[in-house]
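Undergrad: This is what each chain is made of:
4 protein chains.
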Amino acid sequence: MGGNSIGNLFRVTTFGESHGKALGGIIDGVPPGMKLSEDDLQIDLNRRCPGKSLYITPRYEHDKVYILSGIFEGVTTGTSIGLLVQNKDQHSEDYQSIRDLYRPGHADYSYEKKYGMRDYRGGGRSSARETVIRVAAGAIAKKYLAYRCGIKIRGFIAQIGHIKCELKDWNQVEQNPFFCPDIDCLEALDILIRNLKKYGNSIGAKVTIIAENVPAGLGEPVFDRLDADLAHALMSINAVKGVEIGDGFAVISQLGNENRDEITSQGFLSNHAGGILGGISSGQPVIAHIALKPASSVKQPCNTVTRYGNEVEIITEGRHDICVGIRAVPIAEAMMAIVLMDHFLRNRAQCSDVK
Amino acid sequence: MGGNSIGNLFRVTTFGESHGKALGGIIDGVPPGMKLSEDDLQIDLNRRCPGKSLYITPRYEHDKVYILSGIFEGVTTGTSIGLLVQNKDQHSEDYQSIRDLYRPGHADYSYEKKYGMRDYRGGGRSSARETVIRVAAGAIAKKYLAYRCGIKIRGFIAQIGHIKCELKDWNQVEQNPFFCPDIDCLEALDILIRNLKKYGNSIGAKVTIIAENVPAGLGEPVFDRLDADLAHALMSINAVKGVEIGDGFAVISQLGNENRDEITSQGFLSNHAGGILGGISSGQPVIAHIALKPASSVKQPCNTVTRYGNEVEIITEGRHDICVGIRAVPIAEAMMAIVLMDHFLRNRAQCSDVK
Amino acid sequence: MGGNSIGNLFRVTTFGESHGKALGGIIDGVPPGMKLSEDDLQIDLNRRCPGKSLYITPRYEHDKVYILSGIFEGVTTGTSIGLLVQNKDQHSEDYQSIRDLYRPGHADYSYEKKYGMRDYRGGGRSSARETVIRVAAGAIAKKYLAYRCGIKIRGFIAQIGHIKCELKDWNQVEQNPFFCPDIDCLEALDILIRNLKKYGNSIGAKVTIIAENVPAGLGEPVFDRLDADLAHALMSINAVKGVEIGDGFAVISQLGNENRDEITSQGFLSNHAGGILGGISSGQPVIAHIALKPASSVKQPCNTVTRYGNEVEIITEGRHDICVGIRAVPIAEAMMAIVLMDHFLRNRAQCSDVK
Amino acid sequence: MGGNSIGNLFRVTTFGESHGKALGGIIDGVPPGMKLSEDDLQIDLNRRCPGKSLYITPRYEHDKVYILSGIFEGVTTGTSIGLLVQNKDQHSEDYQSIRDLYRPGHADYSYEKKYGMRDYRGGGRSSARETVIRVAAGAIAKKYLAYRCGIKIRGFIAQIGHIKCELKDWNQVEQNPFFCPDIDCLEALDILIRNLKKYGNSIGAKVTIIAENVPAGLGEPVFDRLDADLAHALMSINAVKGVEIGDGFAVISQLGNENRDEITSQGFLSNHAGGILGGISSGQPVIAHIALKPASSVKQPCNTVTRYGNEVEIITEGRHDICVGIRAVPIAEAMMAIVLMDHFLRNRAQCSDVK
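Chains as they are written, first to last, in this note's numbering: chain A, 83 to 437; chain B, 83 to 437; chain C, 83 to 437; chain D, 83 to 437.
So that you can see chain A by itself, here it is in the shape it has in the complex (with noise of 0.2 Å):
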């Protein structure tokens, strides 16, 4: 099957390069009768959009999405959703200096070494400029899934280097430019990005994305569990090195009697399980964390080969986030929209009606 498509009942399509003619997506099994608009979409397009700040490239992406099918006097009609943002600002020639070069950290190489050639600029298919679409799909299985059953699907920075954030208010998150629910944090991670910016290095970082409000029983072992394909969403984003499912790593040193989540009448008493068991939804809230590695494009010289095999060393600087990290928390918080509204469908299929 084509590496191209996410999702079974709902299913996202893909295509578009960082500087090709324009990015576009097939969003397949929206259920009819949804009102849906491109407003509706753009929201969490301009929340990923770059150039809202330092902290993240100067760029100037005006993704502006089209809604081209699917949709009938402002209500979808159950028909294949065409999606198409067209690139602008694109800088090319920035790349003839690569062209021959595999940049350390990107996936120069490997890309060549699959297709036997590549487009350099700016990476291409490999570039996240591809998650614009998956941020506009998300945002419709976002829609679907607060109208349908008051699904709520939020993100956040975690970390950032060594800083943590705890998640102390939700508003907070919006009304700064890290995506950080600690405000206590706002200053360390402040002089943090000035001073990478400054010496030209990139950092890493970990993002949370909590669903809440997830009805139980979604998820299709043993393959299709719900944990499984979280995990295949979010580690398809971009510069996603891990991801866990409620403790996750914590576990590794977790006592059978610490680790398991007791019930009372009441409900769960803990969520270690990240609101997943047995690779199905308990009820209550899916909790993932993903690890997101730095920008591999700094200042600081690296050593490299040239498509010939030569050694040279080089710097590639363009102009690149400091922390991806954190425009990865609208992309993240797409993904698991994405995924929850396809075992949702799914789950509604094979529901119990016969005796």
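Hints may be right or wrong, so weigh each one.
Copies of the same chain look alike in the list, so a pair counts if it works inside one copy or between any two.
To be verified - Cut-off 16 Å, straight-line C-alpha distance, at most; resulting in silico cross-link-like pairs (EDC-like, lysine to aspartate or glutamate): (1) Lys246 with Asp272; (2) Lys103 with Glu155; (3) Lys250 with Asp266; (4) Lys103 with Glu120; (5) Lys146 with Asp122; (6) Lys381 with Glu340; (7) Lys381 with Glu344.
Since the hints were derived computationally from the structure, they do not count as laboratory data.
Given the coordinates of chain A, assemble chains B, C and D onto it according to the supplied hints.
TA: Only chains B, C and D this time, still in chain A's reference frame:
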């Protein structure tokens, strides 16, 4: 799509419950012409098989696998391969006591919410017993990949509780009951497990899986990336709560110039990426780590409710593993083999050959 | 994707060769809560089973089916259902003579070109023996659809050679060895088959399948249309060379005002469309016709070549059906049931419920 | 899975309605390294394009196709290819009169039953306008197959009404407005169509598609057989009611010794099978026939009901084809190309190379 299949060109579909008549699977997509026998599969099934030491459940499972189709005169024919493993030594009566209870940490609650009922005997389909067929399927993939391009897939215990094991000696891994590569950890692990057994508790673990000689080019961006499919496959293993590729969560506090793997004419100077760049294998060893939670069935009593909402205190002794992570080593190897096999075939299909 | 699966939400995967150890399958996607027993499946297996008359091969196949999983206390659990049918009464030695020959009309040649080798015993995987599991899977779908919304799926022989049978009496269908609904054809059919048997020849047939009480709305345009999926499923039956929906090829010479089915407040005035409009069920009976070629193994000698290219004349007697179309009736019913079941679940998943 | 995709390794996904903003698609799985331009696609789009004669609807569709991604420096990159065709010349107001009516023979009724509403403008998604993208996708597959192994896929009109056309001259096909290969039929066809136009009626047709130089071995039994996938793809074309492979329905009255294709050291002596044995290509030309119903929109009045159940008489003139079968030739060629391309890649993936 049914949730009991994994893979596209190399597709594994399974059935069977902990205490049903049998476990089985269908392996579709094995290329014709490879010598294959039941013995090839039995090796890994025995490695997974409990009962060989006090560290894992004394339940004796004689997991003899039968190949029912797809082989003619000792060679694969290219048609689907049917596998069967009969269930024996079942003590279903042991589970009468929990037929109306939800065991905390188990899938009892979520399965019943999803399906409206459940096979309570040993967890039914949610039992790790289901992984028997995964291991058999993985053995087929391992053999193909080894023959075809010398890929070698091996795993080991990297941590149990607070005891971290270093990869000092691959040969040591198969010589101790922990799949531990670090002889200096054996005594500590022995004491830890003995104490947990004495107090009837369990503990989590970390398992590392490494695939060597993986050719560059495996992975189908932007969604069926190699890292994303590995995350899906590994997270689908019972008790797994986290997956890392390469440096994983350590990247959060790394700087851009630390994380990227520099390249020379002799190859990469490091492997922070875990052998995957942009979702495509780079030719370096593919490295993944998983976190497994402690078994939830321990002697410490805990609170739960019945199907009817009544609160009760239970002790779910049964005959369970002290550290399920140990048995997860051959299972995780199998899942990585299944994913690499699928991507090896997919990559071959898409290779360039037109000018 | 492996070629041995069909369906998305209701997914049937099979294995097994004509003379292998066993045939089996995995049925994934059966909703939980339906009473199901091996007897429910055996009924159709017996209808398909040869040996009940001279009209079909004397080979006695005792197709006892075993359900190995997915049922608990007599009810489906929503997990995958494993099926097994053992092979018996094999006369593999009968096939030694053709191990190096390509039987014209059989798949010997194409299988060997594809796989580089073949299991020559009774055609191996290409044998109609494989349809045993399709019939068992179809029986599950039939039962679900009948319970869930009263859908009734039945087939009959519409033509053998030049003898056309009219649908005069459904009850007659199960009372003669031809699945013929037209009592006035029985004698002619009897004579035809006896003569063919005498001269060791075979004949083609046409089978009609009708599903009643199919709710309007099944089918997922523009590719997974109900008619397209039926065409796929029916054409996948051994020896089928043509598929029609409704009037089929008769539409070629129809005028626009003849073909369209007019509508009144009482419903449609005709059913030229065969119950499908724009790829979606209209609520009228779904009608399909298939053409089956005559068995290629007959007493008349014919020319062929060996694997080594040598020309030879062969007579492939074996113990084969005079009219394979007869046995195809329950198989075609099963394939229609599998498709309708899949689309019933898919339609439920996509139904509108948001404003 | 969403119903708007077809194929596994070569996957075509489409969107767009008759009177929406645009039609588009994503072609996933095109191997890298093939030269490809918009002109390569435009050729077939023009062949499909109406308005070139009185025989087809005067509606002028300027189907200029844009490739938005997947090509770099004139060559495919192996990433997904985005296609876009803008809609123009729309007379939506023409359809106001039928907004509350179900046009007999059209999908109005079934779409509304399924989705609870419909885009009534020109049939919305159910319009044959949707096939524009299929033709563009097919053109990519045709080019690849021609370059890669000389496969040549061509179609022609085999029958309109009672007028049967013989394959006398391939060159003639592109030289008349009927795609007719039989110069002796042209006058009769001309008179037939002129009369139908005069009386405002329409007629059915039969189209034959032949693929030459298809290598032996394409097809994945037992369900994803080449013939089964062709039946699926061809039956998914608007107005198609029947599909035949090789002799098709003629096999019903054939004897076993007539139907089988004998083999000599020079190859097969006949091609009753249509180039497919056991669901796998035999190396002979692959031959398929399809039956297309007459357009339902004609000047003759007919009975129908409104959405509210009121009986009315309608005349759905519009600007429609007298024989939709004519335009179906390039569409059917495209669908066969899409299926062969997918199976070519799948076969390459599964080929034997291990001992």
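Undergrad: Of the numbered hints stated previously, which ones are contradicted by the structure, given in increasing order?
TA: none
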